[in-house]
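Here's the letter readout for the chains.
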Amino acid sequence: MSTHAPILPILIAFAAALLQMVCDRLSFQRFVGLLSAALLVLVGIWLTWLADDGQTRVYALGDWPAPFGIVLVVDRLAAAMVLLAAVLGFAALLYASAGFDQRGKHFHPLFQLQLMGLLGAFLTGDLFNLFVFFEVMLLASYTLLAHGGGLARTRAGISYVVLNLVGSALFLIALGLLYGTLGTLNLADVAQRLPLPGYDRALTRLALALLIAVFVLKAGLLPLSFWLPQTYTAAGVPVAALFAIMTKVGIVAILRLQVIALAPAMPDLLDHWLTPLALATVVFAALGTLAAARLRALAAWLVLLSAGTLLVTLAQTSAAVTAATLFYLVHSTLAGAAFFLLAGVIAEQRGPAADLLVAGPQPQATWVRISFLVLATTLAGLPPFSGFLGKLMLLTTLREVAAGTAVWVVLLGAGFVVMIALAHNGGYLFWKHRTLVGPAAAIAWPRATATLALVAAGPLLAVLARPLSDYTERTARQLHAPGAYVAAVLGPAPARIAREAIR
Amino acid sequence: MEALLAIAVGVLSACGVFLILRARTFQVLLGLTLLSYAVNLFLFASGRLRFDAAPLIRAGASYTDPLPQALVLTAIVIGFGMTAYLAMLALRALSEAGTDHVDAGREP
Numbered sequence: 112m113s114t115h116a117p118i119l120p121i122l123i124a125f126a127a128a129l130l131q132m133v134c135d136r137l138s139f140q141r142f143v144g145l146l147s148a149a150l151l152v153l154v155g156i157w158l159t160w161l162a163d164d165g166q167t168r169v170y171a172l173g174d175w176p177a178p179f180g181i182v183l184v185v186d187r188l189a190a191a192m193v194l195l196a197a198v199l200g201f202a203a204l205l206y207a208s209a210g211f212d213q214r215g216k217h218f219h220p221l222f223q224l225q226l227m228g229l230l231g232a233f234l235t236g237d238l239f240n241l242f243v244f245f246e247v248m249l250l251a252s253y254t255l256l257a258h259g260g261g262l263a264r265t266r267a268g269i270s271y272v273v274l275n276l277v278g279s280a281l282f283l284i285a286l287g288l289l290y291g292t293l294g295t296l297n298l299a300d301v302a303q304r305l306p307l308p309g310y311d312r313a314l315t316r317l318a319l320a321l322l323i324a325v326f327v328l329k330a331g332l333l334p335l336s337f338w339l340p341q342t343y344t345a346a347g348v349p350v351a352a353l354f355a356i357m358t359k360v361g362i363v364a365i366l367r368l369q370v371i372a373l374a375p376a377m378p379d380l381l382d383h384w385l386t387p388l389a390l391a392t393v394v395f396a397a398l399g400t401l402a403a404a405r406l407r408a409l410a411a412w413l414v415l416l417s418a419g420t421l422l423v424t425l426a427q428t429s430a431a432v433t434a435a436t437l438f439y440l441v442h443s444t445l446a447g448a449a450f451f452l453l454a455g456v457i458a459e460q461r462g463p464a465a466d467l468l469v470a471g472p473q474p475q476a477t478w479v480r481i482s483f484l485v486l487a488t489t490l491a492g493l494p495p496f497s498g499f500l501g502k503l504m505l506l507t508t509l510r511e512v513a514a515g516t517a518v519w520v521v522l523l524g525a526g527f528v529v530m531i532a533l534a535h536n537g538g539y540l541f542w543k544h545r546t547l548v549g550p551a552a553a554i555a556w557p558r559a560t561a562t563l564a565l566v567a568a569g570p571l572l573a574v575l576a577r578p579l580s581d582y583t584e585r586t587a588r589q590l591h592a593p594g595a596y597v598a599a600v601l602g603p604a605p606a607r608i609a610r611e612a613i614r
Numbered sequence: 020m021e022a023l024l025a026i027a028v029g030v031l032s033a034c035g036v037f038l039i040l041r042a043r044t045f046q047v048l049l050g051l052t053l054l055s056y057a058v059n060l061f062l063f064a065s066g067r068l069r070f071d072a073a074p075l076i077r078a079g080a081s082y083t084d085p086l087p088q089a090l091v092l093t094a095i096v097i098g099f100g101m102t103a104y105l106a107m108l109a110l111r112a113l114s115e116a117g118t119d120h121v122d123a124g125r126e127p
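So the sequences go chain by chain: U and E. To convert, note that position 437 of the first sequence is 548 in the working numbering; the numbers rise steadily by one, no gaps. To convert, note that position 48 of the second sequence is 67 in the working numbering; the numbers rise steadily by one, no gaps.
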């Protein structure tokens with residue numbers, strides 16, 4: 112059974128999407144969708160547990176051996192990302208099942224396909240297959256973004272689709288160049304060939320740089336990040352919550368490419384440009400939080416801020432920095448998604464004022480106010496929640512690197528600005544015009560449960576910080592020994608040499 | 020042959036980029052289509068150009084690399100789906116905003 116474990120997440124999501132397309136009764140679709148998401152969480156836990164023995168599990172699709180066929184690779188990083196995506200997917204789907212899915216057709220199958228694309232992108236060990244899963248994820252996200260209708264969503268949709276189609280074209284050009292020079296698209300095989308002579312180094316470098324450019328477009332690095340706040344603000348609440356992990360797909364892809372293929376052979380590809388641009392992204396996003404006119408826009412800027420913070424660390428090649436990055440990635444994904452869901456709940460309680468940051472009726476439910484306080488504390492990086500711990504780990508490990516001082520100044524400054532933005536807007540939402548009473552709309556239990564579950568992740572990650580940071584440390588150590596990855600995918604060295612002789 | 024293909028890829032991408040930067044959704048759509056043609060030709064060339072060679076490996080016979088052909092096929096299918104979706108989205112924007120400008124309905 113456990114030999115087929117790596118393909119299970121993709122199969123579950125795909126089977127659920129097919130079932131939901133066969134029968135479009137809403138209650139059936141909700142049941143299948145939530146069942147699939149719950150199964151994905153269980154499989155994610157199982158994979159994480161399996162992967163924690165330090166082995167890299169390789170699943171050859173169709174049993175074709177690695178450089179010829181496509182492989183799925185499960186190591187600690189892939190398993191943890193699958194679990195994170197599944198948890199996020201479950202919460203977002205639970206929230207959407209309280210009415211959002213009725214605002215248009217085919218929400219549920221598209222949601223499952225988006226999950227399938229996300230999970231596949233984390234699991235695959237082949238660059239062209241990564242492209243295919245990116246496209247599955249993007250095509251579903253285009254339609255989910257437009258779900259619910261309205262001119263704002265259509266307009267945001269057009270620029271988002273055009274930008275990502277251009278990104279896909281660049282991705283294909285990069286893959287064509289890579290195949291033309293190295294003759295392979297398997298990540299482990301690329302890593303194995305890069306240090307060897309006998310190929311056009313300049314062209315290969317260009318191909319890899321183009322690949323990185325596509326990934327930073329998805330992650331939202333500064334010159335390529337203007338689409339992000341607009342798109343995430345326009346998206347429906349549960350869709351935006353799921354999108355919180357989409358920027359992380361680009362970040363994980365860069366991390367993998369950097370550690371496995373680039374660090375041993377072309378360690379200078381990310382030097383001198385990634386960290387300054389990422390710091391600029393952080394500054395840009397921090398200013399954006401001050402300018403946001405609605406709560407969802409504020410959440411979108413915070414997603415960009417977390418993406419910028421994560422990108423700062425990617426040019427560093429130490430395992431300690433990677434471990435801190437992964438902890439921060441888990442925290443920021445859950446907290447960012449929670450903020451979108453909470454913004455939706457608050458909008459529901461404020462009637463016509465919705466989530467606009469103007470004085471209006473205040474939300475009635477006590478748990479909403481407490482949730483906002485907890486979440487704002489988490490996001491601003493104040494003690495005692497996970498945001499503080501994540502930032503503490505990042506800053507501690509980044510103290511030794513070359514640009515350490517600049518990173519400290521920018522990250523701490525951005526934290527301060529975010530704190531001001533959240534405190535200011537929290538005041539507007541909860542204290543201004545206390546006399547105006549909001550509509551006494553009760554929040555449907557799925558929405559309340561989903562929101563509370565994600566908000567609770569902040570305190571929970573703080574309580575479980577030790578086991579989690581131990582896990583991320585083991586993950587980082589495994590990542591930074593790329594020889595084991597290559598050997599696991601391509602087989603031990605003698606078999607490889609025999610195969611090269613046949614070629 | 021190589022020169023011809025290189026010129027075709029270059030001209031297609033140049034026209035594609037020019038059209039993508041225009042302000043009407045239909046032109047952007049055409050630009051993306053041209054760009055994807057250029058990309059497909061480029062991918063096709065990544066396996067090197069060979070005359071009179073089948074993508075089948077036989078003893079002694081010369082053959083052409085079959086993998087880029089499979090990649091191109093995948094890229095064509097995906098690109099076609101994306102373009103069709105963008106066309107629908109552009110039509111919806113046209114009916115909702117009454118204009119096919121890419122920034123239709125933006126408040127001044």
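No wet-lab data here; the hints were simulated from the structure. Check before you lean on any hint, since a few could be wrong.
To be verified - Cβ-Cβ distance ranges computed for the label pairs, FRET-style: (1) P387(U) - A89(E): 38 to 48 angstroms; (2) L153(U) - L113(E): 28 to 38 angstroms; (3) L129(U) - A103(E): 12 to 22 angstroms; (4) L75(E) - D311(U): 25 to 35 angstroms.
What the hints assert, rightly or not - Covered stretches of chain E, going by a simulated chain U footprint (3 or more residues, C-beta under 8 angstroms): (5) 40-53; (6) 73-83; (7) 93-100.
Yeah, the Cβ is synthetic: ideal placement off N, Cα and C, and Gly gets one too.
Hint check:
{"no.": "1", "hint": "P387(U) - A89(E): 38 to 48 angstroms", "result": "holds (40 angstroms)"}
{"no.": "2", "hint": "L153(U) - L113(E): 28 to 38 angstroms", "result": "violated (45 angstroms)"}
{"no.": "3", "hint": "L129(U) - A103(E): 12 to 22 angstroms", "result": "holds (21 angstroms)"}
{"no.": "4", "hint": "L75(E) - D311(U): 25 to 35 angstroms", "result": "holds (28 angstroms)"}
{"no.": "5", "hint": "40-53", "result": "holds (count 3)"}
{"no.": "6", "hint": "73-83", "result": "violated (count 0)"}
{"no.": "7", "hint": "93-100", "result": "holds (count 5)"}
When held up to the earlier numbered hints, the structure conflicts with 2, 6 and fits the remainder.
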